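J.: Each chain, written out:
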Amino acid sequence: MKMEPFVRTEMLSEQPAPLGETGVLKWMRENLFSSILNSIISILALVAIILAFMVLMSWAMQPSWASTSLSQCQDDPAITGACWGVINNRFNQLMFGFYPRVEQWRPTLAFILMLVAVAPVLFNNLPRKMMWFSVVYPFLAVILLWGGTIWGPLLVLAGFAIGFILFKVLFGIVGNLAAMLIAVFATLLWWLYGVSMVAEVLSGIIPIGLEPIESSKFGGFMLSITIGVSGIALSLPIGIMLALGRQSDMFIIKTLSVGFIELIRGVPLITLLFVASVLLNFFLPPGTDFDLILRVIIMVTIFASAYMAEVIRGGLAALPSGQYEAADALGLDYWQSMRLIIMPQALKISIPGIVGNFIGLFKDTTLVSIIGLLDPVGLIVTIQGSSDWNGIVWELFLFVAMMFWIFTFTMSRYSMYLENKLKTTH
Amino acid sequence: MAMADQPAGKSFRLSMLLYDTRYRSITIQVIMLALFAYGVYWLLGNMYSNLDDLGKKPDFSFLSTPAGYDINQRLIEYTSQSTNGRAWLVGLLNTLLVAFLGCILATIIGVSVGVMRLSKNWIVARLMTVYIEIFRNIPVLIIIVFAMSIFIKFFPQPKAFRGDDATASMYLWDSVALTNRGWYIPKPIFENGSMIVVVTFLLSILGIFIFGKWAKKRQEATGDILPTFWIKLAIFFLPAVVVYFIMGQPIGLEQPELKGFNFKGGIHMRNSLISLWLALSLYTAAFIAEAVRAGIMAIDKGQTEAAAALGLRPKRVMNLVVLPQALRVIIPPLISQYLNLTKNSSLAIAVGYMDLTGTLGGITLNQTGRALESILLLMITYLAISLSISMVMNVYNNSVKLKER
Amino acid sequence: MKKSVLLGTIAAVGVMAGVASAGTLDDVKANGVLKCGVSTGLVGFAAPDANGNWEGFDVGICRAVAAAVLGDSDAVQFVPLSSKVRFTALSSGEIDMLARNTTWTFSRDVDLGFTFTGVNYYDGQGFMVRKDLGVASATELDGATICITTGTTTELNLADYFRVNGMSYEPVPIETNAEAQQQYLSGACDVFTTDASALAATRATFENPDEHMLLPEIVSKEPLGPLVREGDEPWGDIVRWTLNALITAEELGVTQANVAEMAKGTDNPEINRMLGSEGDLGGMLGLDSDWAVRVIAAGGNYGELFESNIGETSVIGLSRGLNALWTQGGLIYTPPFR
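Protein chains in written order, with numbering that gives the first Met the number 0: chain G, 0 to 425; chain W, 0 to 404; chain V, 0 to 337.
Rather than coming from a laboratory, the hints here were simulated on the basis of the structure. Source: prediction; values computed, not measured. One thing to keep in mind: the hints can contain errors.
Computed cross-link-like contacts, DSS-like style, restricted to lysine-lysine with a CA-CA straight-line distance of at most 25 angstroms [to be verified]:
| id | chain 1 | residue 1 | chain 2 | residue 2 |
| --- | --- | --- | --- | --- |
| 1 | G | K420 | W | K300 |
| 2 | V | K130 | W | K258 |
| 3 | W | K263 | W | K186 |
Quick look at which bits of chain V chain G covers, simulated, 3 or more residues with Cβ under 8 angstroms [what the hints assert, rightly or not]:
| id | stretch |
| --- | --- |
| 4 | 179–193 |
| 5 | 233–246 |
A short, non-exhaustive set of chain V residues, derived as facing chain W with CB atoms under 10 angstroms [said to hold, decoys possible]:
| id | residue |
| --- | --- |
| 6 | V32 |
| 7 | N52 |
| 8 | T87 |
| 9 | F105 |
| 10 | S106 |
| 11 | G112 |
| 12 | G142 |
| 13 | F161 |
| 14 | R162 |
| 15 | G165 |
| 16 | I173 |
| 17 | R319 |
| 18 | L321 |
| 19 | L324 |
| 20 | G328 |
Even glycine gets a Cβ: it sits at the ideal position worked out from N, Cα and C.
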């Protein structure tokens, strides 16, 4: 009998992988139950998570949103856990502090415009023209938040234009450095003496402005954001100067920069806030009277610029030295090479670090509650001090912590996204 | 940038100060120095004229006057009749204590979390990520105050331990009491002869080091691998325990006991210390964990694979190849986290822990009204602490650098 | 008014630049608002409600001064201050007056350079305990854990009291009243000590006030009152006599309800002098003649302020005690309006 050799004439169709080797099962076996020890840990962890979740939920899920005082919650038999009425009742205060209700559109608008202003910095596929708005935004925000005549901020803005024009005009006559010195000096003079005089005259003639709001009315998250954002924004130019100073080969400038940076980084922020709350007025001319929030912004700016300088120094150090040499080879002078070649690249590398700085600073704004400002943490104590909400603890803490978490988590995710993007381009 | 395009020896003109690169930097520096000096002069001048208006003068004599207030946690002798200067010292020691404890705990938690985050167990890795993301993104002040509230609300009062129907009980054979006023743990009491036990103990620690060196040498020479861990453990405990019994048990434990309003005896770790300690550790650990993870990830996969190809077991790959390299990446951020923890310990004031900010910058400042002097001293003290830590960091960085070839 | 012009952007944004030496009265008038330092939140004395309106006994004093000087009891900017910063806020000119249950002591008056303008509440440091603690007197508190609010005279008094009586204690220093209350209620301390008025105010807000009691000992004298910077007598006079007007009004039966009526003239010459229908006391203060009418119309006289904020009809439920008028056996007494 002749055996036909077995020859398969058609391809076998692909078989599904064994049940234990695909999909959820395989994933579970590899990631949860790869060994006995692992299985035990997984099961224990799972049980713990579920238990914690259930306890938390049974506490948090309460029909207490509408109650207007803690005693109302305690008297209501349907409420056995959290009394969320306090959030409902004081939501406005936690967001805006004592900012007048009818004017609250202003901080809201300022916040939305802030997102627009930082967008071109954060996402570089947006049109570069938007940068102009970012430049103007700080002045707009000041007008919106504090109100008063619009001329003050506008004239301060005009100072930049004056300096720039002076520089351009003088550049041809006396050269680079002298022109710069004169322009800076003239701008400072304008800010110190010109602005207040002209503003007074102008607001006398054309009184345009919003109703002024004292900063003592600021509070809640609006205060945290105001302090955090102005601290970072103001510290950016100072930080750049300090970073350049630290890199400089001029001995005195380097020493001063290093001294300042190390001094500020060596002390806790709270001591600087004590300075703001207690001492700063001693160091200003007799009779000068900044209010506490402005003093805090000044000290926070000083604090942040030391850290900013270190971030930017990192960015400068990360640039290959070829960039510096190429700039020199092109015959650019120091400021030109910084402005055109070095800084644009160094700043771009530094953005994740700057965002990280901002996250840190934003979290640190809670410290102002220790010197008696009513930021969200400070408001917790104030709310506990009112007779309606005397004795409430967890609801407020959880709410405030969650709000902070949402803000900072979003920013840290962005910073990670950016880092990844920068990594691929290099 | 010495681009001397002018031949030397040419007569000096004033405009060269601005346009000649040889002189320009000097000009700029002189201007800066003058501005700086003027700024300092301006600030100090304002300060003096302001103080004059109030009829005050900077005066540090308050440091030698009686403080008048009591401090609950004191590592050195202190009563309300001690001086403000002594209160400052008590505060400084308390700051250093919480910073030291915090750094240790934060490192332990941070390293474990960082390693576990790379675990193959999905749930564990995820849990660690959740921990890191939660604690990193919440202000540390809130964590501290929150921890304090938990201690106050959820731990039993000392009263609950009393009577027949006590609702709370002590742990570990009645030696540890966890109350909402803090934790009471046994305190070792050193009697006659205890010195010998302590010395033996110290000697055996020295012995461990010597043994470790010897074992390593032996391994390099002969290839034998000793079960070093168990031998070290034995050296650690055995001699001290033997001497302890030979000397007739000279070290006793003072157990905390409920007397009057509170537990008496033992060591009282106040809940302000514990909540500050735990909160700072948990917060800082989240950052340390990230640093550890980054350090381990920074080691090229080829290193692990090469080590495995040499036949090393996973544990040895970690100990001999990955960790020594990763440490070099991890340590600098680790130390800067220690620095942050120390500075953040100034938030003690929020829970009433009597650290530097609480004594010198808090009650002393309040009761004497010497704000300028107190805050100045406060900042200088913190600066000294920070600079010492940075100095350690620099020394370490240099020593690591030397090993790089 | 000298203008000090300030640096940079922030400066240009309408920071008010005033000069302390020009006289606080002129500054307040120029600003159109009285900056008054108050507590960050103490029920009955100063706390903001949900709309951010401040109310309380100390707040009432601020409003009365604003009514006298500016004619508007709402023209007050309340600056909440922790006990740490209250004195520097006053001496640096950040606030015009401080009404934050502050004890009048020698060193504060002399060394820190303030002028106390009177006493609006006679207080003393007391102790609050749970009834089931089984303590009837402060002398039985040896070894107790005691919650104190820091930055006040309280902690010094406490140290003295226990040292003199040869007792030991465990101090738990706390920044704010609200936190101290939390700790006390959950049993983290056996005793809560502060001014007896604040203790009573705190006790009143408890869920079960009857479970707590104040010990009979009052271990210190705590005369609380508003204060101003030293060296500005005209301004100190205004605050002092505003307080005196409130007290005198109670003594003479002038109330919020009848003050407008009485201002037209009565047969009591002192009322007439005070309310300005006779003589020119207001002019001597640098104010107009019906300043006291506004003061009383703002929130009522001393007694009415007391009753509505901290008195027996309010949630706090304090009895007048030492703070009754001298005619009724208390210590509240003023010099005459003459």
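J.: If a hint holds in the structure, say so; if it doesn't, say that too.
T.: How the hints compare with the structure:
1. G:K420 with W:K300: Given that 25 angstroms is the threshold and the Cα spacing comes to 22 angstroms, the pair holds.
2. V:K130 with W:K258: Distance of about 19 angstroms is within 25 angstroms: holds.
3. W:K263 with W:K186: Distance ~11 angstroms between W:K263 and W:K186 Cα, so the pair holds.
4. 179–193: Since 3 is at least three, the answer is holds.
5. 233–246: violated (count 0)
6. V32: This hint is violated: V:V32 lies away from chain W, its Cβ roughly 23 angstroms from the closest one there, beyond 10 angstroms.
7. N52: violated, 27 angstroms
8. T87: Hint on V:T87: holds, closest Cβ of chain W at ~5 angstroms, below 10 angstroms.
9. F105: violated, 13 angstroms
10. S106: holds, 8 angstroms
11. G112: holds, 5 angstroms
12. G142: Hint holds; V:G142 Cβ to chain W Cβ min 4 angstroms, cut 10 angstroms.
13. F161: holds, 8 angstroms
14. R162: Holds. Min distance 6 angstroms.
15. G165: Because about 13 angstroms separates V:G165 from the closest Cβ in chain W, which is outside the 10 angstroms limit, the hint is violated.
16. I173: holds, 5 angstroms
17. R319: Violated: closest Cβ of chain W sits about 31 angstroms from V:R319, beyond 10 angstroms.
18. L321: violated, 26 angstroms
19. L324: Status violated, d = 34 angstroms.
20. G328: violated, 34 angstroms
Consistency note: the structure conflicts with the earlier hints numbered 5, 6, 7, 9, 15, 17, 18, 19 and 20.
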